[in-house]
Amino acid sequence: MEGKSVYKVPNGKLLKIFLDYNKNGCITEVSITGDFFAYPEEAVEFLEQELKGVLLDRKSLLEKINLVVNKNSIQFIGLDAEGLVHGILMCKT
Amino acid sequence: MKEQWRLLQTGFNKAFANMAIDEAVLINCSRGKVPPTVRFYGWSPPAISIGYFQSLDEEVDLDFCEKIGVDYVRRITGGGAVFHDKELTYSIVIPESHQSVPKNIMESYGRICGAVIRGLGFLGIESSYAPINDIVVDGRKISGNAQTRKMRTVLQHGTVLMDVDVDRMFSLLIVPSEKIRDKLISDVKQRITSIKNVLDKEIAFDDVASSMKKGFEEEFDVELVEGTLTSGETAMAKKIEKDRFLSKDWNHRR
Chain X
1361 MEGKSVYKVP NGKLLKIFLD YNKNGCITEV SITGDFFAYP EEAVEFLEQE LKGVLLDRKS
1421 LLEKINLVVN KNSIQFIGLD AEGLVHGILM CKT
Chain E
2 MKEQWRLLQT GFNKAFANMA IDEAVLINCS RGKVPPTVRF YGWSPPAISI GYFQSLDEEV
62 DLDFCEKIGV DYVRRITGGG AVFHDKELTY SIVIPESHQS VPKNIMESYG RICGAVIRGL
122 GFLGIESSYA PINDIVVDGR KISGNAQTRK MRTVLQHGTV LMDVDVDRMF SLLIVPSEKI
182 RDKLISDVKQ RITSIKNVLD KEIAFDDVAS SMKKGFEEEF DVELVEGTLT SGETAMAKKI
242 EKDRFLSKDW NHRR
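Going down the list, the sequences are from chains X and E.
In this text, residue positions in the first sequence follow my numbering: the first is 1361, and each later residue adds one.
In this text, residue positions in the second sequence follow my numbering: the first is 2, and each later residue adds one.
These are calculated hints, taken from the structure and not from any lab test.
Beta carbons: idealized from backbone N, C-alpha and C, even for Gly.
Hints should not be assumed to be uniformly reliable.
As the list claims (entries may be wrong) - Restricting the straight-line Cα-Cα distance to at most 25 Å, the calculated cross-link-like pairs of lysine-lysine (PhoX-like) are:
(1) X/Lys1368 <-> E/Lys184
(2) E/Lys104 <-> X/Lys1431
(3) E/Lys180 <-> E/Lys15
(4) E/Lys68 <-> X/Lys1368
(5) X/Lys1364 <-> E/Lys249
(6) X/Lys1364 <-> E/Lys184
Stated by the list, open to error - Simulated DEER-style distance windows between Cβ atoms:
(7) E/Val226 <-> X/Asn1426: 29 to 35 Å
(8) E/Phe13 <-> X/Glu1423: 48 to 54 Å
(9) E/Asp166 <-> X/Lys1412: 39 to 45 Å
(10) E/Asp244 <-> X/Gln1409: 46 to 52 Å
To be verified - Where chain E lies over chain X, by a calculated footprint (3+ residues, C-beta under 8 Å):
(11) 1394–1408
(12) 1428–1441
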């Protein structure tokens, strides 16, 4: 199944997510796009990889994103973990 | 004696060469081969650059760009899509460890934008920094900026709009729906300005550049000494242009 969302992060940038997920409600592919900033940039690709297989619910997503962000010292500007979770969940209709 | 930084005035180039030069300077500065560098440049032909994280197909009407001869390129910096036409673009490359650059990324945006604000001041334009990455005159955007940090080195580049054609800009960018196109264009016309709009007269590129030079010198208390790319930088830029910025893999990766 496929989904797409456009979400203006409060006080941040415009996040556009493209999502593929399976019938169990787990992410099979996610693309995090938009006009935000992230340091280092390449870490977002890593985050996309790490999100594969994660269940599409608020708690699981937030936990995984925070884990990857902390472990890799990712710094977002114009985006945050909450915003990402919101954008991803918006893809699920 | 004031610290000396290098000033590059590379004139007007294609988008791919422009982005490659910024990256080549970044790499060479990170290796200690060149001093902190400020560069002023323009775009010929006009081009759209998109941010590192943007989807090219989602943002840019590629067929129309090709039809009217506007190039498009993905930047190594985040941020949004920009139509580069009548503008001066600056870039600054400086080691993260340099005392002039705050360690905090948001603070460093403010500091570097301070140089552009001073430069606009020399043109008689009062502007201010509008976080995250804009400079505004009376609330209307005149400059957008984007920064990356790699190999302990900062690269920030940004636009200084000399003139702006919002209708043309939106003919090249994808809008969410045709229904809201007119509304979007009129909103953006309210939110964006240019040197020409503010002063009600055109200022030549070279005059904007000399004001910006003074702005950077004053903000960072340095002397900008006009120089050229090293042969190493030139060769590296050529390679990066071909391997990255001219490649479909890079530009279409999102």
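Okay, the hints, checked on the actual structure:
no.	hint	result
1	X/Lys1368 <-> E/Lys184	holds (18 Å)
2	E/Lys104 <-> X/Lys1431	holds (20 Å)
3	E/Lys180 <-> E/Lys15	violated (34 Å)
4	E/Lys68 <-> X/Lys1368	violated (32 Å)
5	X/Lys1364 <-> E/Lys249	holds (24 Å)
6	X/Lys1364 <-> E/Lys184	holds (24 Å)
7	E/Val226 <-> X/Asn1426: 29 to 35 Å	violated (47 Å)
8	E/Phe13 <-> X/Glu1423: 48 to 54 Å	holds (50 Å)
9	E/Asp166 <-> X/Lys1412: 39 to 45 Å	holds (43 Å)
10	E/Asp244 <-> X/Gln1409: 46 to 52 Å	violated (23 Å)
11	1394–1408	holds (count 9)
12	1428–1441	holds (count 3)
When the structure is compared with the earlier hints, violations turn up for hints 3, 4, 7 and 10 and for no others.
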